[in-house]
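Q: Can you make the complete structure from the sequences, with help from the hints?
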Amino acid sequence: AQSVTQLGSHVSVSEGALVLLRCNYSSSVPPYLFWYVQYPNQGLQLLLKYTSAATLVKGINGFEAEFKKSETSFHLTKPSAHMSDAAEYFCAVSVPGGGADGLTFGKGTHLIIQP
Amino acid sequence: NAGVTQTPKFQVLKTGQSMTLQCAQDMNHEYMSWYRQDPGMGLRLIHYSVGAGITDQGEVPNGYNVSRSTTEDFPLRLLSAAPSQTSVYFCASSVGLGYNEQFFGPGTRLTVL
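In order, the protein sequences belong to chains A and B. So for the first sequence, this note's numbering puts the first residue at 1; every next one is plus one. So for the second sequence, this note's numbering puts the first residue at 1001; every next one is plus one.
Derived by calculation from the structure, the hints in this document are not laboratory data. Virtual Cβ for every residue (Gly too), placed ideally from N, Cα, C. Keep in mind that the hints are not guaranteed to be accurate.
Restraint-style ranges between C-beta atoms, simulated for each label pair [stated by the list, open to error]:
hint, chain 1, residue 1, chain 2, residue 2, range
1, B, M1019, A, I112, 31 to 37 Å
2, A, P79, B, S1080, 47 to 53 Å
3, B, K1014, A, E71, 48 to 54 Å
4, B, Q1017, A, K69, 46 to 52 Å
5, B, E1059, A, S14, 19 to 25 Å
A: As structure tokens, this is what we get:
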């Protein structure tokens, strides 16, 4: 079974600073990896996903993530934080041929942007 | 397209009451799922469906029932509400499994007293 670990339940950065949200996964087969964002009082929406093409994946709102197989990581970054980036971020993993119960979410990281 | 819609947005129940959370999607997606979100726990899968007439249990199915009579609708029933079911519930749909994006509804915030 696959699993995902998000390091840090809360991350605080200053506006304009680098955003780094960490995600490590465990999977017995090459995985598909996702980052979802949840703004306050809303559902989740997809930021970006890795599906075994390019290892550096670009998403919406200036976010990107790099798949590193040797480190089993899929960290999310943004060069310059904006106040509107304040939200909950979820990393998720699924596997080829896996069922709907094969999509596993991390516990989430709450990103706080300080002015 | 309305996407994934959920009703109601908020609900307060007393212990032992029953209710149905509604979920509908207009994207002709075969796969639909119900999750609950609790602080520090992330999203946990309750039940899912891979098509009309087919449902299966997820990680935390106890106390919940589902059915899928049409492609569009996937209601979640609480049989006898308990305080432990106080949570935010999300419905999601997707065109397929694996690498496909999940589309989420806006959620239902349920409080059981």
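Q: Looking back at the numbered hints, which does the structure fail to meet, lowest number first?
A: 5
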